[in-house]
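Here the protein sequences come in this chain order: A and B.
Start counting the first sequence at 266; every next residue gets the next number (our numbering).
Start counting the second sequence at 266; every next residue gets the next number (our numbering).
Hint data in this document are derived by calculation from the structure and do not stem from the laboratory.
Among the hints, erroneous ones may be present.
Repeated chains share a single entry, so a pair holds when one copy, or any two copies, can fit it.
[As the list claims (entries may be wrong)] 35 Å max Cα-Cα, derived DSBU-like pairs, lysine-lysine: (1) K316 with K363; (2) K429 with K605; (3) K672 with K332.
Bear in mind that the values here come from a model prediction, so they are computed numbers and not experimental data.
As a plain string of letters, each chain reads:
Number of protein chains: 2
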Amino acid sequence: MKRIALVIAAMLLGVGAFAQQALFGGAGVESPVINEDGTVTFRYRAPKAVKVTVSGDFLQPQKVEYKMGDQTITAETTVPAEMKEGADGVWEYTTPFKVAPELYNYTFSVDGTQVIDPNNVFVNRDVASLTSVLLVPEAGARSDLYAIHRVPHGSVTKVWYPSKTAGFDRRLTVYTPAGYEDNPKAKYPVLYVLHGIGGDEDAWVTQGRATQILDNLIARGQAKPMIVVFTNGNISQEAAPLENSMDYTRPTMSLPQTMEGTFETSFPEVVSFIDSHYRTIAKKQSRAICGLSMGGFHTLYITLNNPDMFNYSGMFSAAIGTGSEQTATHKEIYADVDGKLATYFSKKPALLWIGIGSSDFLIQANNEFRAKLDAAGYPYKYMETDGGHIWRNWRIYLSEFVPLLFK
Amino acid sequence: MKRIALVIAAMLLGVGAFAQQALFGGAGVESPVINEDGTVTFRYRAPKAVKVTVSGDFLQPQKVEYKMGDQTITAETTVPAEMKEGADGVWEYTTPFKVAPELYNYTFSVDGTQVIDPNNVFVNRDVASLTSVLLVPEAGARSDLYAIHRVPHGSVTKVWYPSKTAGFDRRLTVYTPAGYEDNPKAKYPVLYVLHGIGGDEDAWVTQGRATQILDNLIARGQAKPMIVVFTNGNISQEAAPLENSMDYTRPTMSLPQTMEGTFETSFPEVVSFIDSHYRTIAKKQSRAICGLSMGGFHTLYITLNNPDMFNYSGMFSAAIGTGSEQTATHKEIYADVDGKLATYFSKKPALLWIGIGSSDFLIQANNEFRAKLDAAGYPYKYMETDGGHIWRNWRIYLSEFVPLLFK
């Protein structure tokens, strides 16, 4: 057995000097650790460092002010927790509270440099930030929806569609529910799910755990089997970074054609591609759309400009009222909102759903929009949760919205 | 415009305190930078650190000895390069040579703690190691195959198949070539691609850039359109970590049922799932298999035990001769190799392909195997490259093997 262990060890060396250290116990640091009492311990080895902190959405949020030029933005965010150095150069922090079941992101800051946890291989990218992932699932808790269970699983495909608007092929992520392949005559309703600014067609599947939420809700009988399409809302981009022919450097926020109407204008070509390549029920009654932040903004305007396309629309922390409507290239997309709302509601859509966090900086714009709906007597469902403009809320909204569809 | 920029900035704050720092220029460190003269500069900010190094396969490999118990393994690996600290606490290293076009992995070590580059969001996981990715593509160079180009793209699906052997559903990655959806009557040959120990169904798609290699070779007319299936060779595991119902902690190497015959025994159930769910040409002439390291070992024994299944087999740095054949649960899989070789070659397979690095620690076992083939007069193709047991070689072998298939 010794020789085998030795050779297997050597095989692992294959990846170079990297694997060696991680696999053969270089630092021997365990992090994160969910303790028996429900607290969580984070550790980071930095023998020469002077200050090490841990940040993450497992911490309690506090109100803070950001200065930007001559303006001040008040936002709710978490404040980094200071870690204490042990005798062996390992810094440690244990939460003084039980960490509730959820999916969290966290990072360390070592003398001002933000790093992910080198002892945790679960990492998410959101825009240009990498964060480490901590999943605390618990039977009965909502976060159990974010975990993989031994239930029938849908398939998740990265597929490219030809975009006439963009002039090149672009990538989509498509979820087909369990049973899709084995029931070749069955047709399915479709939900389109849109990401926020700087995100891409991967965001909802990674940070959003959307395919787990769908698998689990469908398996519990709480949602209808449906096809779910995750678009890339950055029309100037083919696909997520490193899947993009032009972008082998860092992701950037300064993407052209963002929130100026082109993506909304192009949306019917996505629907047409899906209807021609998947077994969809290709009619309004069986079509839904939702999105977070910029995706909520896209959802609103795609819905209003195509009043016969979607029967269900979900605006999650929608980035409305930012002023980008006025500077848009395709001003027609944002024009005559009152008229478009009247047309849309005259066609009696099944559901307009609005969700936002009570401390989201966009709540005022969303409140103004709801006041407009109220004044006109237009029906909608509304959910307000704790917290701000964060992924935790978007996972919650998706898991609330999906069970309402296609009933 | 100011208000818009401000609100968009605030939307980005949504991800919490994380995004802020990365997006608003916290550290302002650029790394990695491919310089005009072809050298590459790496930077890491660590004002209090005493020693910072950068490791990676862009460095020239050297022979080193690893001690394990009472034995010594000689392996070729790279030795970390020391970085120099600038006045601002930013450590820097510029290669003294032009970095050849390739896809590289690298990490930093800060006073002994291995971290990825916080200023580079391209990260790969291999087993329990995270590394940063540096892609240097160049027209005409092989690494140009690893880049996305504006050519027709295949679809990449994560799909679950029922494994009777395992007793639960398991995940596969399936590549269908461009045109598959638009030609509903067309049937395709199938290549099965197997990962190494500790890898999973994601490895070839991330580290291996296999779907880019396929897209590009097919677009150039250098490979036939084919379906490619990436299995998970860890039969006790459902799927990659974080896609696995049991494993929300760190990935481990100590997986039960590794290299003891169960996966090889179960392989026909994979082939049968693919043949029943995809438009395959379901016969030996149109089936190929290859794998790296443990996957090369799997390839050999799956081929020999199913002599009518594969017409093309590729062993990439195959982990043969490790002794695990003798301690296997399913000894019959590894028994009577000479007899099985005779049967296999009597059926005149189109190709047995063997590739290995000249400094791979498995080269002796592979040389012994080739000597056996030579002695019996069995035909095979052989490729020996520089370097050891590394991903660079496996990408090369895949891009050499694929053009030979299904001609």
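Results for each hint:
In the homo-oligomer, the alpha carbons of K316 and K363 lie at most 35 Å apart inside one protomer (25 Å), although the nearest pairing across protomers, at 37 Å, exceeds that limit. In this assembly of identical chains, the alpha carbons of K429 and K605 lie at most 35 Å apart only when taken from the same copy (26 Å versus 55 Å across copies). Taking the shortest alpha-carbon separations for K672 and K332, neither the intra-copy value of 47 Å nor the inter-copy value of 64 Å comes in at or below 35 Å.
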